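Colleague: Letter by letter, the chains look like this.
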Amino acid sequence: MDAFFVNIDWYEIWLATLDTLLMLGGSLLFTVVFGLPLGVLLFLTGPRQLFDNRPLYALLSFVVNVLRSLPFIILLIVMIPITVVLTGTSLGVAGAIPPLVVGTTPFFARLVETALREVDRGIIEATQAMGASTRQIIVSALLPEARPGIIAAVTVTAITLVSYTAMAGVVGAGGLGDLAIRFGYQRFQTDVMVVTVVLLLVLVQILQSVGDRLVVHFSRK
Amino acid sequence: MIEFQQVHKTYRVAGRDVPALQPTDLVVETGEVFGLIGHSGAGKSTLLRLINRLENPSGGRIRVDGEDVTALDADGLRAFRRRVGMIFQHFNLLSSRTVADNVALPLRLAGELPAADINRRVDELLRRVGLQDHARKYPAQLSGGQKQRVGIARALATDPKILLCDEATSALDPQTTAQVLQLLAEINRELGLTIVLITHEMDVIRRVCDRVAVMDAGRIVEQGAVAEVFLHPQHPTTRRFVLEDEAIDEGELHEDFAQVPGRILRLTFQGEATYKPLLGTVARETGVDYSILAGRIDRIKDTPYGQLTLALTGGDLDAALSRLQAAEVHVEVLR
Chain C
1 MDAFFVNIDW YEIWLATLDT LLMLGGSLLF TVVFGLPLGV LLFLTGPRQL FDNRPLYALL
61 SFVVNVLRSL PFIILLIVMI PITVVLTGTS LGVAGAIPPL VVGTTPFFAR LVETALREVD
121 RGIIEATQAM GASTRQIIVS ALLPEARPGI IAAVTVTAIT LVSYTAMAGV VGAGGLGDLA
181 IRFGYQRFQT DVMVVTVVLL LVLVQILQSV GDRLVVHFSR K
Chain S
1 MIEFQQVHKT YRVAGRDVPA LQPTDLVVET GEVFGLIGHS GAGKSTLLRL INRLENPSGG
61 RIRVDGEDVT ALDADGLRAF RRRVGMIFQH FNLLSSRTVA DNVALPLRLA GELPAADINR
121 RVDELLRRVG LQDHARKYPA QLSGGQKQRV GIARALATDP KILLCDEATS ALDPQTTAQV
181 LQLLAEINRE LGLTIVLITH EMDVIRRVCD RVAVMDAGRI VEQGAVAEVF LHPQHPTTRR
241 FVLEDEAIDE GELHEDFAQV PGRILRLTFQ GEATYKPLLG TVARETGVDY SILAGRIDRI
301 KDTPYGQLTL ALTGGDLDAA LSRLQAAEVH VEVLR
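Chain order of the listed sequences is C and S.
Everything in the first sequence is counted per the UniProt record's numbering, starting at 1 for the first residue and increasing by one.
Everything in the second sequence is counted per the UniProt record's numbering, starting at 1 for the first residue and increasing by one.
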């Protein structure tokens, strides 16, 4: 057993885990900050919705689809110049966050749009009939009613981000993925590979079960 | 008073214009319970939603208490909607909010009352609908009837002058329907609220409405006092609704009567006349015999009525007929 874990520097692993968590937290925050309004806008401009606007919806939809169909590994490379402008570096945690946000925001926005569509139209009608403004309909009715769906969307997005952070290791982002590639793959240190994979797996499990619990907690149906 | 002047509505579906409401004139008086009955697709739902402009009319003018609702801008419309409550077939309560928060929502949206006043008003409303013990529950924990009571409390929150009911009892069982209708009648009486309700059940109209309009294919085909429309239906659609309510198959009934000798009459009594011993008196005085073929004694809102189909034989038939016609009953000679 000792022989198997001979290559492992636990301090190194700890730093890499921290980097992964920082990338995950930072990019999740920005993804929600940008993706939630984008999702609401997609929903509102959609067919037969409050701000039904075919050209705008078509444009947003097109941009979202293009970004979603771009393989993340390509996006990572294409984004490098933009990332340097935004953060001053394309390396490390700071360098990873812009491509991660660009990669997951369209995905998250679509999930938000879907969650909002699940809200019964009758609820919107009832809120309109009370004399609510569009802003009030969104804030007081749509978002609270879609909350379980939006939490589920955040969970799925967080898990997607975990695998993206690992991929970002390829362009020098640091984190568990970087460790797995540099030591586990390139130096054939299988034990490092196993430990990083197990850690990523645990992280995903924790995210999923926390997300599920929150969804149950906020579901009143 | 709600006034429709040549109001019409056309939807555009897949590039084609589909008329939902033909040009319609309508007056709903202040304080009355006005029923709109029709099958699905008859245009009643569109008509109801035109009143608070959840639907915008394609043309015509709608006035509420003299104010032209069709001319309101966005702010004016929101202020107007606070004076019009609405309840729905599927209740449309916010599942993420407690009963108390659902009822408080219109007040919070209006943003005119301080929190303490809102809480007091919510308590008062929940007491009125008999749900004071359920304030902290979520809608999913309530029965259908209770949900509709929350809907009613919510609709009354901003102290509206008009209440619109969109098939409010169609998702409820008969007993719960009766309770909700009773609550609506009570609110109408005590608060002087004008109620416009739509339904496809004649029974709902009979229990609470003062006046009724029957709709078919985007038109009002018949309207008037409920007793008048109910007891003397003119339009085929109205007749169908009345017969459905009484669970009578008109064709079958007439077949049965073929075996019966004598004159066949239908007598309709209303109000006081319902309880007078008219038939016995007439039979004694003219020597005719009568047998009752079909009949129903019931109430339309607060008015008792009776409708009897009789066969008369022997004695002085003409005298009996004129005696009946002279009394406070409506006589139809069927054969």
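What the hints contain is simulated information worked out from the structure, not anything from laboratory work.
This one's a predicted model, so the numbers in the text were calculated from it and none came from an experiment.
In this text, a Cβ means the ideal position worked out from N, Cα and C, and glycines have one as well.
It cannot be assumed that every hint is accurate.
Taking beta-carbon pairs under 8 Å as the criterion, some of the chain S residues facing chain C (in silico) [what the hints assert, rightly or not]:
no.: 1; residue: N52
no.: 2; residue: R78
no.: 3; residue: A79
no.: 4; residue: N92
no.: 5; residue: L105
no.: 6; residue: P106
no.: 7; residue: L109
no.: 8; residue: R136
no.: 9; residue: Y138
no.: 10; residue: A140
no.: 11; residue: S143
no.: 12; residue: G144
no.: 13; residue: Q182
no.: 14; residue: T274
no.: 15; residue: Y275
Colleague: Evaluate each hint against the coordinates.
Modeller: To see whether the hints hold, each was checked on the structure:
Annotation: interface hint on S/N52 holds; nearest CB of chain C at approximately 6 Å, less than 8 Å. About 4 Å separates the beta-carbon of S/R78 from the nearest beta-carbon of chain C, less than 8 Å, and the hint is met. Interface restraint check for S/A79: the shortest CB-CB distance to chain C comes to about 7 Å, inside 8 Å, so the restraint holds. Residue-level restraint check for S/N92 holds (minimum Cβ-Cβ distance to chain C is 4 Å; threshold 8 Å).
Interface restraint check: S/L105 against chain C, minimum CB-CB distance 7 Å, threshold 8 Å, status holds. A distance limit of 8 Å between C-beta atoms decides the matter here; for S/P106 the minimum to chain C is near 4 Å, and the interface restraint holds. Restraint check, S/L109 versus chain C: the minimum CB separation of about 5 Å is within 8 Å; hint holds. Nearest Cβ of chain C to the Cβ of S/R136: about 12 Å, over the 8 Å cut. The hint is violated.
Nearest Cβ of chain C to the Cβ of S/Y138: about 4 Å, under the 8 Å cut. The hint holds. Below 8 Å, beta-carbon pairs count as interface contacts, and S/A140 has one with chain C at about 5 Å; its hint therefore holds. Because the smallest distance between the Cβ of S/S143 and any Cβ of chain C comes to about 15 Å, over 8 Å, the interface hint for this residue is violated. With a cut of 8 Å, the hint placing S/G144 at the interface with chain C is violated, because the nearest CB-to-CB distance is about 15 Å.
Of the supplied interface hints, the one on S/Q182 is violated, with its beta-carbon coming no nearer than about 23 Å to a beta-carbon of chain C, more than 8 Å. With its C-beta approaching chain C no nearer than about 40 Å, S/T274 sits outside the 8 Å limit, and its interface hint is violated. Because the closest C-beta pair between S/Y275 and chain C is about 44 Å apart, greater than 8 Å, the hint is violated.
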